[in-house]
Structure formats: structure tokens, C-alpha cells
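**Student:** Read off the chains here:
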Amino acid sequence: MINSFLLSLIVGVFIGGTAGYLGSLMVSKKMGLIAGPLGHLTLPGIALAILYNFDVSLGALPFVILGAILIWFLEMKTDLPEESLTAVIFATGVSLAFLILPAKELETALVGDIVKVSFWGAVISSLVSLIIFLILRKIYSKIIFSSISEDLAKVEGIDTKKYNFIYLLCIAIIVALGVKIVGGFLTAALVAIPACTSKNLSKNIFQYSYGAMIIGSLSAILGILLYKFSGYPAGPLIILVNSFFFIISVFLRR
Amino acid sequence: MTEDILRVKNLNVELGREKIIENLSFKVEEGETLVVLGPNGAGKTILFKALLGLIPYTGEIWWKPELKLSYVPTRLPLVKEFPLTIEEFFNLKEVSRERTIEILKEVGMTQSNILKKKITELSTGQFQRILIAWGLSKDVQVLLFDEPTFGIDIGGQENVYNLLEKVQKERGITTLLISHDLSVVYKFADNVLCLNKKSLCYGRPKEILSSKALSELYGGEIKVYKHVK
Chain E
13 MINSFLLSLI VGVFIGGTAG YLGSLMVSKK MGLIAGPLGH LTLPGIALAI
63 LYNFDVSLGA LPFVILGAIL IWFLEMKTDL PEESLTAVIF ATGVSLAFLI
113 LPAKELETAL VGDIVKVSFW GAVISSLVSL IIFLILRKIY SKIIFSSISE
163 DLAKVEGIDT KKYNFIYLLC IAIIVALGVK IVGGFLTAAL VAIPACTSKN
213 LSKNIFQYSY GAMIIGSLSA ILGILLYKFS GYPAGPLIIL VNSFFFIISV
263 FLRR
Chain L
56 MTEDILRVKN LNVELGREKI IENLSFKVEE GETLVVLGPN GAGKTILFKA
106 LLGLIPYTGE IWWKPELKLS YVPTRLPLVK EFPLTIEEFF NLKEVSRERT
156 IEILKEVGMT QSNILKKKIT ELSTGQFQRI LIAWGLSKDV QVLLFDEPTF
206 GIDIGGQENV YNLLEKVQKE RGITTLLISH DLSVVYKFAD NVLCLNKKSL
256 CYGRPKEILS SKALSELYGG EIKVYKHVK
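As you go down the protein sequences, you meet chains E and L in turn. Okay, so the first sequence: first residue is 13 according to the working numbering, each after it adds one. Okay, so the second sequence: first residue is 56 according to the working numbering, each after it adds one.
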């Protein structure tokens, strides 16, 4: 059997990379922060998964989807802006998690615990990440086109509603997978920071998107290695490595 | 005899509860340049969106079947959020590298390494040229152009229109242009449609653009000084 450290490295590479690649679209669409509230929303789901001992991403996914639908529904029913509703929803999610979870499990829910990943959990997470990456790669230019101008995209015959739906679904799944490595609190950073770093360093969209993917994967590897040597939780270490790369990129900016 | 390419009959567009366009009728012939003239908020852009089927309307819009249309909006501010090069910008429309080089030459952008240049590094005038090229990059028969000289100084405006006219003559493209610049109408339009929710005048510019028609369109007293050729 492969040891759990190696498994966590493999999962980190796949989820971190795909989150970075997805983040390049989210940051340019000014949606970089939305993964934050969505991540917070997953906390009750993670809590249930820990209590009943099943995969945290499986617990998280229905909560992300439910949260996104709730925000959309409340936005239609009230005149409140999306960001205020997001605040209401995610605070509710965090509060619920604190009620459900025993204190000692809270840390896992909040900042993740990648080294606890099971063999099959690792295989499935890596495979799902890979599939999401391939889907995103296929729709990447269509999403850019419809972000630049939905009207223009429609004139060119692009079904903008379909592609947007697929894109949102990819965000929900990556957030649910992301909680496995960085917990419910840090998912926004997992998607946003690699993209910001890559944007500082890239000359074109190809370098930007794949750069974000490489930085996302590399940060996950280094974060998990640092965990191995320091014993601090891996989730925050992955994010800190990401932040470190970002600071360097500011000085190397093209 | 030239054929009709577009016929619009009793077009009405409402957004929310506000009537934006009322009972509008006009037609466009193949190869014609129609300039839609009117003040801000007159419904010019909304008319384009209705023509492109992007918003609901009542009445009749008939396009000659199997036409290839191209639409270029006034601005594309969000394009700057993505670190796109000019080549990647054309790739979004699946335009080949060879075709991109060719069309860039047509709009006078021949600098070496132009394909690798970032969109964000272009001046407003250069970007407008790129937009024209982008609009013309596929084999289109109709070009709908919403204020092609938005944000360009007067000298640059002249260039953009001359460029549009050149390309249009060479390729026989039917053009619908939104403008609020009268000199553009006199110089380039075969027909003009004065729009302020309703059609206030429609026909050959020299025949219909009287002081009376223009003061009705823009409000207040307007004197027209025709160019002596």
C-alpha cells in the first residue's frame, strides 16, 4: 500500500493544480473571492463527514451546491446584493459547523487535513480533478469570450448559459475537493493566489493559465513537505507557500 | 437592381415597462451603408441588439437567409482583465494565424511582432483598429458597428472611417453604423435613420437632414452647414 504521505502529495498536485487553473478564470472574471464564502458553507458538511467518518469532499459538495442555489434564490426574492446574501449564508454555515463539531475536530474542518486522505479518496479526488481540468481546458476560451462580452459571444453562436453553468459546477466541485487539502476557511486562497501570482509573471493567456496551474501544484507539494518537517498543519502551509510565491512575483512583475 | 438584405417593420422594443423603440420601419440593401443617428439614450444600441436577436421585441425583423453577421460593440472594457495577446484575442473567434496577419495588414497594423503584443499595451486608437479587424476577420456579409470612433481623437476618427470605407468597398460588405457625428453621415452614409425612440427621419442624408429634422432629433435649434465639394 502506498503510504499516506505520498497519497497526500498526489492529491495536492492534482487539486492544487486544477484549482490554480480554474482560479485564472475566476480572478479575471472578478470572482476570485467567491470560493471563500462557498468554502465556509461547506463546514457543516465537513462536520458531518468527520462525525460519521466519510470523505470530507463528499460531505462538502451538497452544501456548496445548496449554498449557491440559496444565494441565487434569495437574490431573486429580495433586493439585497449578492455579496450581502453571501455573508448571511456563509456566517450561518460557520455557526452551524461550530455547533455540530466537537472542538478537537474543528481544526480539520477549518484548515483541512490532507494527510488523513484514504487510498480511494485520493484516487477519486485526483481523477475528478483531472476531469475538471480537461473540461475547463475545453471551455476556457468560450468562458473568456462570454466574459468579455456576452452579446458578442451569442452573436458568434456560443451558448453562454450552458458554458456558464458548466463553469459554476466546476467551481462547486473544486471547492468541495479543495476543502480536503486546505479546509473550509482557505479555499478562496487556493484558487485566487496562484492566478494572481501567475498574472504578475505572464505575457499571455497561455502562460497565465498554465502558470497558475503549475504554481498551484508546486505550492501544494512544498506545503505538504513543510508539514512533514515542521508538523504544522498542511493547509495553512500550502497557502503560505502560495503567498510567498505571490510576494516574489510582485517584484518580478513583467 | 440590388437586393434587400434587411427589412424591419413596426419594430417595438420594451425594457422593463419603458418603451425604447416604437413602430420603427426601415430596410437595408446589399452593399449599403446605413448610419443610425441620434442622441444618447435614443435606443440606437438597443436597436442593434434587437436586430441581432439578443433581446425580445415585437414586430418584424427579416434578414436575408444564411447571412454572416458581425457585431462590434462600442467598447470591450472587460477584455483588459485577461492578459490576452492580439493573436490569442483572434483565437477566441477561431481565426487562423495566417488570416490574423492578413486582416491586421488590411487595417494597417504591420509592426513586427504585433501578434505577441498584449491587448492591454495598445492605445485606444490601436485597439479600435484591432476591433475593426476582429469584426472583419471572418468572411462576413454584414457588419454592425456601434460607434467605431468612441474615445478616439478627431484625426484618429477620420482614419477609422476611411479604413472602414476602404474595407467595405473592397469586400462589398453591408454596414450598419451607429454614430452621433453628422460629418460621418454626410461622408459615408447611403442612408440615414434618425432615431429618438421613434424614427424621425429616414432616407438619403442630403435629402432629409434639414435643420428642422435635426432640431426635432436633438432638441433646440440646429443649423446645418453642408460641405461644399
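It cannot be assumed that every hint is accurate.
[Stated by the list, open to error] Sample of chain E residues lacking proximity to chain L, with all beta carbon distances greater than 10 Å (derived):
no.: 1; residue: L82
no.: 2; residue: V167
no.: 3; residue: N176
no.: 4; residue: L234
no.: 5; residue: P245
[As the list claims (entries may be wrong)] Simulated coverage check for chain L against chain E, where a stretch passes if three residues somewhere in it have a Cβ under 8 Å from a Cβ of chain E:
no.: 6; stretch: 101-110
no.: 7; stretch: 116-127
no.: 8; stretch: 132-139
no.: 9; stretch: 146-159
[As the list claims (entries may be wrong)] Calculated cross-link-like contacts (lysine to aspartate or glutamate; reagent style DMTMM-like; alpha-carbon spacing at most 20 Å):
no.: 10; chain 1: L; residue 1: K64; chain 2: L; residue 2: E77
no.: 11; chain 1: E; residue 1: K215; chain 2: L; residue 2: E143
no.: 12; chain 1: L; residue 1: K148; chain 2: E; residue 2: E87
no.: 13; chain 1: L; residue 1: K242; chain 2: L; residue 2: E84
no.: 14; chain 1: L; residue 1: K193; chain 2: E; residue 2: E162
The hints are simulated quantities; they were obtained by calculation from the structure and are not laboratory data. On a predicted model such as this, the values are computed, not experimentally measured, just so you know. For glycine and all other residues, C-beta sits at the position ideal for the given N, C-alpha and C.
**Student:** Would you mind marking each hint as holding or not holding in the structure?
**Tutor:** Structure-based check of each hint:
At roughly 27 Å, the least C-beta separation between E:L82 and chain L is larger than 10 Å, which holds for a residue marked as non-interface. For E:V167, the shortest C-beta to C-beta distance to chain L comes to about 5 Å, within the 10 Å cut-off, and the non-interface label is violated. Residue placement check: E:N176 keeps its beta carbon more than 10 Å from all beta carbons of chain L (closest about 15 Å). Every Cβ of chain L is farther than 10 Å from the Cβ of E:L234; the closest lies at roughly 25 Å, confirming the non-interface assignment.
With a minimum CB-CB distance of about 34 Å to chain L, E:P245 clears the 10 Å threshold, and the non-interface call stands. Judged by the Cβ-Cβ criterion of 8 Å, the stretch 101-110 of chain L is covered by chain E as claimed, because 3 of its residues qualify and three suffice. Using a Cβ-Cβ cut-off of 8 Å, 3 residues of the stretch 116-127 of chain L lie near chain E, which meets the minimum of three, so the contact claim holds. For a cut-off of 8 Å, the count of residues in the stretch 132-139 of chain L with a CB near a CB of chain E stands at 6, and the three-residue condition holds.
Only when three residues or more bring their CB closer than 8 Å to a CB of chain E does the claim for the stretch 146-159 of chain L stand; here the count is 3, and the claim holds. For the suggested pair L:K64 and L:E77, the alpha carbons sit about 11 Å apart, so the restraint of at most 20 Å is met. At most 20 Å may separate the alpha-carbon atoms for a hinted pair to count; E:K215 and L:E143 meet this at roughly 11 Å. With a CA separation close to 34 Å, the supplied pair L:K148 and E:E87 exceeds the 20 Å bound.
With a C-alpha separation of about 18 Å, the suggested pairing of L:K242 with L:E84 holds against the 20 Å cut-off. Note on L:K193 and E:E162: the hinted pairing holds, with a Cα-Cα distance of about 19 Å set against a maximum of 20 Å.
Taken one by one, the earlier hints fail for this structure at numbers 2, 12, listed in ascending order.
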